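Chain by chain, the residues run as shown.
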Amino acid sequence: MASESEEQSIELPDEGSTGTRSLFDNLSLQRQESIEGWLFVAPKLAIGLFVLGFPLVFGIYLSFTSSSLLNLPGEFVGLENYRWLINYGVWWTAVRNVLLIGAVKIPTNIIFSFTAALLLREKLRGSTLYRIAFIIPVAGPPVIWGIIWRLMLFPNEGGIVNSMLLALGVIGEYIPFLSSQSLAIPSVIMSVIWSFGLSMLIYMAALSGLPSSVMESAAMDGANKYQRIRYIIWPLMKPTTLFLVVIQLVMVTRLGFATVFVMTQGGPLNASMVPSYLVYELAFTYNEFGRASTVAIGMFLVTAILALVLYKPLQGNTEYYQ
Amino acid sequence: MSSEHERLFESADTLQGRLERLGAHAYLSILALLTAGPYVMMILISLMGEGWQPVTPPKLIPDTWSFVNYTNVWVGNTALLDEPFVGFFVNSIIYAGGATLIILAIDTLAGYAFARLEFRGRDITFLAIVSTLMITPMILFIPVYTWFNQFGLVNTRLGIILPHTYSAFGVFLMRQFIKTLPSDLEDAALIDGCSRFGVFWRIVVPMLKPALVTLGIITFITVWNSFLWPLILARDSALFNLPVALGFFQGQTSTLWAPLMAATAITLVPMVILFVSMQQYYVRGFVVGGLKG
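Same order as they appear, the protein sequences are chains A and B.
So the first sequence is residues 1 to 322, counted in our numbering.
So the second sequence is residues 1001 to 1293, counted in our numbering.
Extracted from the complex, chain A is given alone in its bound form:
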C-alpha cells in the first residue's frame, strides 16, 4: 500500500496525543481507514471461517474419502464416491423428488402470493384475518407443516382427509397416503405449498410502491382489469417475482427436510427421499460420512447447474423496467 515516504507526507497535524494512539495517528489516513475497515470486518470473517469456510473445504475433501465418524478423515478414494453416486438409484430418486417439490412449490407460491396480494389490496372486509391466515404457516417451523399434515392424512378415522372423504362417500376405505409409494411425495408436496405468506407480504410492499399515475393512465386508455393486471401490474412486478423465484431456487435443496423427517423418513422404500434427508441418513444412520458428503456436494452441483440453466430465461428483458 502506501510507502514510507507517503506516510510521512500525509501525516496528521495532531501531534499532541501519546502512546499507541499517536502511533496509530501517524499512519496515513488511508492506511488508518484500511486497518479500521479490517478490524470492523474481522469478527464477521472469523465466524465465517469457523462455521462456513473451513467446514466447506473439509466437506469437499470428505467427499473424496471413505470417512466415518470414528475414522476421520478416512482414506482418500479419489472419484470412487462420485462413481458410486452416479449409479446410486436412491440419489436419483431424491434429486427427482426435490425438483418435483420445487416445480410445484415455486409456481404455486408465486400464483397464490401474487393473487392474494392483489386482492388484499382492495381493502375487502376481513382482509386482516385473511392476511393472518396466510402468515401463520410461514411464522412457524416447517416441522409443524409435517406434523399437521401427517395428522390430516392419517390412514384411519384420525385423519381428517380420509375421514371426510369417507363420510362424503368419495372413497370406500382409508387411503394410506404416507405409506403408499405413489402418494408419499404428493403428500409431502401438499404439506409445503401453503407457506406463501412471506412472498405475499413482499408483493404487497412492492404493489404499494407502484406509481399510481401508470395505473390511472391505463384506466383512462380503456384497459380492462385483466389487461391492467396482465400488461401493466405483472410486468412491473417482474423484479419482485424474479427475486422471489431466485431466493426459492437457492433454497430448493433445503425443501422438505423437516417435513420428510416427520412424515415419511424418506419411505416407503425411499420413494419420498430428498437429498437433504439422504445426507442425514447416510451420515447419522449408516455412518457413511464420506459418501454423505458426496451427496451434499452433488446436490450443490445440481443447484448450480439449475441456476445457470434458468438464469437467462428468468432474467429476460429487464432493461425495460429499470
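No farther apart than 25 Å at their CA atoms in a straight line, the calculated lysine to aspartate or glutamate pairs in the DMTMM-like style are these:
| no. | chain 1 | residue 1 | chain 2 | residue 2 |
| --- | --- | --- | --- | --- |
| 1 | B | 1179 | A | 33 |
| 2 | A | 123 | B | 1010 |
| 3 | A | 225 | B | 1020 |
Some residues of chain B that are not near chain A, with every Cβ distance over 12 Å (derived):
| no. | residue |
| --- | --- |
| 4 | 1063 |
| 5 | 1082 |
| 6 | 1181 |
| 7 | 1206 |
Bear in mind the hints are in silico, worked out from the structure with no lab data behind them.
As the structure is a computational prediction, the values presented were derived from the model and not from experiment.
Built from N, CA and C at the ideal position, the CB exists for glycine as well.
Based on the hints, put chain B in the right spot on chain A.
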C-alpha cells in the same frame, strides 16, 4: 400502503363491484381454509382433553374446553413426553436470543465497514460473503459436526448457537441500510477528532434502530424455527429446541394427538404473534435487502 391507490374493483354500490368482491372472498376463503384450516384444527384438538379420540365423521368442536394439555405438556406430565416442555422453550429462547445478539453485533460492524470505509479487498470480501448465500446447510452439517467434535462443541448450547451466527443476508442488509443514511454527521464527528468506533457507536448505531429491529426479528424467528442444526448438534434431549422436540415426540405416538397439538401450538403461537405484530419490519428487510440490492 397508500390509501389513494388505484383500485381494480368497481365501487361496492354497483352490482359488478359486489360480484367482484364476492368472487374475491370465495377465492381467499378457500385459500385461507387450506392454509390456516389445519392450524385451527390443531388448536381445537389441543383444547379437547388428553383422551381425545378421532371419530368419523370428524368431530372438531370440544364438548368441554380445557387447557389441561397445555399445562401437562408444559410441566412434562403426559404419556407423550415426561420431560417438561418449558425446558425446550427456554432452550429456544437462549438459542434464538444468543444468535440474534451475536448477528446484530457482528453484522452491524461489518455492514458499516462495507458501506462507509475504503480499504483494499473490501469489494471482493463483500462479494465473497454475499455469494455464501448459495451454500446450503446440507453441505456443511457433516464437516461442522466433525469440526465441532474436535473442539468439544457438539452437545453444548454454544455449539448449537454458533452455526446460526453467520448470516450473509444480515451483513448485506446492514450495508444497504447504512448506505441510505446521510454521512455528513459522521464526517463532521471524524474531523472533530471522534474515533471511528465512536462515530459508529454514537452516531450510526442510533440511526440504525429500524434496521436492527428488522434484522433482529428475522434472525430470532429463523433460529427459533431452526431444525437441522439443533437436531445434529444436540445429542441430549435436554438441549433440544422446540422444533426438534416436536420432531422427536411426534414420532413416538399415533394416538396422543391432543398433547402433541398443544406442544405444537406452544411452539407456533409466539412466532405468529411476533411475525404479525412486526410484519412491517420483517418485510422491509426483504425489500431493502433484496429488491434494491
